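Those sequence lines, one after another, are chains D and F.
Start counting the first sequence at 36; every next residue gets the next number (our numbering).
Start counting the second sequence at 229; every next residue gets the next number (our numbering).
Some clues are possibly wrong.
As the list claims (entries may be wrong) - Keeping only pairs whose Cα atoms sit at most 25 Å apart, straight-line, the calculated BS3-like set for lysine-lysine is:
1. D/K102 x F/K252
2. D/K91 x D/K102
3. F/K306 x F/K296
4. D/K77 x F/K252
What the hints assert, rightly or not - Some chain F residues well away from chain D (every beta-carbon gap over 12 Å; in silico):
5. S259
6. D329
7. G334
Since the hints were derived computationally from the structure, they do not count as laboratory data.
This one's a predicted model, so the numbers in the text were calculated from it and none came from an experiment.
In this text, a Cβ means the ideal position worked out from N, Cα and C, and glycines have one as well.
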Amino acid sequence: QKEVEQNSGPLSVPEGAIASLNCTYSDRVSQSFFWYRQYSGKSPELIMSIYSNGDKEDGRFTAQLNKASQYVSLLIRDSQPSDSATYLCAVLSGSARQLTFGSGTQLTVLP
Amino acid sequence: DAGVIQSPRHEVTEMGQEVTLRCKPISGHNSLFWYRQTMMRGLELLIYFNNNVPIDDSGMPEDRFSAKMPNASFSTLKIQPSEPRDSAVYFCASSLQEGTDTQYFGPGTRLTVL
Numbered sequence: 036q037k038e039v040e041q042n043s044g045p046l047s048v049p050e051g052a053i054a055s056l057n058c059t060y061s062d063r064v065s066q067s068f069f070w071y072r073q074y075s076g077k078s079p080e081l082i083m084s085i086y087s088n089g090d091k092e093d094g095r096f097t098a099q100l101n102k103a104s105q106y107v108s109l110l111i112r113d114s115q116p117s118d119s120a121t122y123l124c125a126v127l128s129g130s131a132r133q134l135t136f137g138s139g140t141q142l143t144v145l146p
Numbered sequence: 229d230a231g232v233i234q235s236p237r238h239e240v241t242e243m244g245q246e247v248t249l250r251c252k253p254i255s256g257h258n259s260l261f262w263y264r265q266t267m268m269r270g271l272e273l274l275i276y277f278n279n280n281v282p283i284d285d286s287g288m289p290e291d292r293f294s295a296k297m298p299n300a301s302f303s304t305l306k307i308q309p310s311e312p313r314d315s316a317v318y319f320c321a322s323s324l325q326e327g328t329d330t331q332y333f334g335p336g337t338r339l340t341v342l
């Protein structure tokens, strides 16, 4: 079983809709959680980090963490075509001091 | 401020040749990470350094791969001999310190081994 799993996608949403991206992780003592965005042919860039249960909002982005369910999600409100990219979930596990990445979910926002 | 710098951006080589990838982390960052990204395996951590010392190289696929960080501003990833299955995009990332700090990725080196 992979340590970090994401819904496989690809995911398509119309412009203005809410895009929901999901991620589960296997290490119960994981401490920190990150969402990276990667445009085609580019490098990953951090868009959100979350460390405690609940919601964290930043502009159109909301990260949600539920440690009991080992689940983290990213909501993108009012999706724009410029949000079309692959979104990578990354988890910092309790025992290791480095990130483990999911395989990514490709999001396409249709104009 | 300059971000993470990698060179070369593209490398095409023939099987059996030695390949050296280079990385300059962001000034002041203490941790440096080498990743490999392929369609099949996604983004994989190969090795990371903290204060120029290799901390975890368990992701290095085999002895053909080696990495060094002789000083705080330079690191290399070497593949010798290279094989077609090494074809991938190799990213270098740095962070202020290991742990929760954000990792900043370089532009990557696209390696093709023929």
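Consistency of the hints with the structure:
no.	hint	in the structure
1	D/K102 x F/K252	violated (36 Å)
2	D/K91 x D/K102	holds (14 Å)
3	F/K306 x F/K296	holds (9 Å)
4	D/K77 x F/K252	holds (18 Å)
5	S259	violated (9 Å)
6	D329	violated (10 Å)
7	G334	violated (6 Å)
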